[in-house]
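The listed protein sequences derive, respectively, from chains F and C.
Here the working numbering is used: the first residue of the first sequence is 1, the next is one more, and so on.
Here the working numbering is used: the first residue of the second sequence is 1001, the next is one more, and so on.
Honestly, I wouldn't trust all of these hints.
Cut-off 25 Å, straight-line C-alpha distance, at most; resulting in silico cross-link-like pairs (SDA-like, lysine to any residue) [said to hold, decoys possible]:
| hint | chain 1 | residue 1 | chain 2 | residue 2 |
| --- | --- | --- | --- | --- |
| 1 | C | K1460 | F | K33 |
| 2 | F | K33 | C | K1278 |
| 3 | F | K41 | C | K1278 |
| 4 | C | K1329 | C | L1568 |
| 5 | F | K40 | C | L1568 |
| 6 | C | K1098 | F | V27 |
Chain C is faced by these chain F residues, among others (derived, beta-carbon under 10 Å) [said to hold, decoys possible]:
| hint | residue |
| --- | --- |
| 7 | E16 |
| 8 | D45 |
| 9 | E63 |
Read the hints as simulated data drawn from the structure, not as lab findings.
Virtual Cβ for every residue (Gly too), placed ideally from N, Cα, C.
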Amino acid sequence: MINLKIMRTLDQTTSEILELASKQFKVAPGSLKAEDDFYKKLGIDSLQALEMLSRLENHFRIELPDYEVQGVSDFKTLAERIQARL
Amino acid sequence: MLNLGEYSSIGEALSQALETWPTEVCLIESDRGEEKARLTYREFKARALPLAGALQEMGVAPGDRVSIIMTNQSKWLISAYAIFYCGATLVPLDFKLKPEEHWQLLKHSGAKVLITEYGIWRLLSAASGRNEVVALKDVLATEAPANADLAGALRWEETKGAKPPKFVPQKKTDIACIVYSSGTGGTPKGCMMTHENYLEQCMALTSIYPFWPGVHYLSILPTNHAIDFMVGFFGPFTCGAAVVHLRTLRPEYVREAFPKYHITYVSLVPLVLKNLQKGLQARFDELPASRRKVFEFLRNINRELTKSRPLLWLSCRLLSQVHQAFGGKIEAIIVGGAFTEPHTLQFFYDLGLPVANGYGLTEAGTAITVNDLRPFRADTVGKPLPGMEVEIRNPDADGIGEVTVRSKTVMAGYLNEPELTAQTIVDGWLRTGDMGRFDATGHLQLFGRKKNMIVTEEGKNVYAEDVENAFEGVPVKEFCVFAANYIWPQRSMVNEKLLLVVHLEAGQLLTEELKAEISARNNRLINYKRIHGIVCYQEDFPLTASLKIKRNELAQRLSTFDREQSILPI
């Protein structure tokens, strides 16, 4: 059976997250960096962050339990959590 | 509902509930839109008693502490009942804390057994801190995959006693729970709540907002929180009602749950309520002009007809589309954890969706006042619940003073903190640290705090001292964290912020480099604990004989400066 799962590197995962976040919250593409705090940079609250996670789950076809993303506020750590589930 | 006056403990009352409504549904659990479990009271008992038996065989005895760190789910409540059945004390911890914080509170509480989810246990067992928790003997992990490395934990699902457990009675004055109201960065505030605290609070609350078989309560606030423990567990269970759990709280699944499960009550924090308001308003704004006019007309009629009390059947008909989105059965949205702005409360009430706002704190056994909706008063936090004596101490010329409470619901004290307890409960009166006054109709209005703390819109209590560790080592002579409203009282409960007050070395300047360092340290804090500005103070901080900062005195000195000019935004 052919495995159609897309293998991504952490860098690829990170850049896809940044691109999706910039689209969702309408900020200039390329203005977000991995180290950025997404609450601060995007000016979002915790509920909007959950909405972003839902989109990321759909995009990467994974499920992230709520407790696993508690306390995560930068794209880099978020990318690591997602990468671990890919 | 059960007559809780006849029972002496949570375990005894819950045991009776399981016998009284064996065929009623008590728990529904949904995971990403898919229903995973539906339990009757009889099935709940059948799952809980073998666990109670196992706990007893592990040596859990009356007064021993057993902690739960779980997301909202059926196994949380099943485990809690098993703990009460053994006469043990429950230590519910917030699953959202960091693993290091969990270990700190497990150590402080002296927990003997920990019941948690496998995913949380994976993070916990990988973090440092376990070795210091010497009292902890056993860990039970739920939902561990077949070949998982359990790191010394036992599988919850396989933990069953060899023989039936023995119910251990408790006295009303025994400690039922140790609930942490804050304190992972400073002094842990473990509120020791007695069985009587819960029994009395439940009777008071359900006298105004009753539950009954058929009620569906949507549990969103974490169950370790005093509100959800009461209205998302003990309250509904002692009335034969059902609790609905969602394994993920992504907004789309929460929205879907209302119509799917015909939710009767839900508790929310102000942040979520405001978000709901924003979403609804956006939809109203999108209506074509003609439909919008009709909607406004109906809303105005509803507002006029419900001025003196809610008329749910009428509101459901007048504004049926809005009510259908909420499932059409909503009796009230309970809002708590933090202060809610009156315009948000009024927005929902005008739609025929009563918001039961109130005021309380863990130390007082959850709620002190609740809006009884007769009439709805968005500008207040309601009247004292039955059994609550509330007094305003040292009122100023406007009648505003500290809110103090005496009631059977007030905690026994803070665990291992007799001095803090003595400062907080004086001659039987709980000093809340909140400022308020009663209006002519007996409704309480709040006007800020006396305490050096903030409460966020997500219902998080953040004590200024608890975040100071994050700035340890910043190259300044001395520093201190304050709630801005503690220095400059605002007579307001909204928009509370923390500030870092720094005293620079002689000749030192607040350079960009120093600001960047403070900012970097600030960013390492979880978002709701962050400071929002820096205040430079040119003199030595006043100190006690043991070289601790005299915070009151420093705050008084700072209060002589202009607030706006003193705060440098970060």
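These are the hints, each one checked on the structure:
1. K1460(C) with K33(F): 29 Å, violated
2. K33(F) with K1278(C): 29 Å, violated
3. K41(F) with K1278(C): 21 Å, holds
4. K1329(C) with L1568(C): 49 Å, violated
5. K40(F) with L1568(C): 17 Å, holds
6. K1098(C) with V27(F): With a Cα-Cα distance of about 30 Å, the restraint between K1098(C) and V27(F) is violated, given a limit of 25 Å.
7. E16: 19 Å, violated
8. D45: 6 Å, holds
9. E63: For E63(F), the interface hint holds, since the closest Cβ of chain C sits about 7 Å away, which is under 10 Å.
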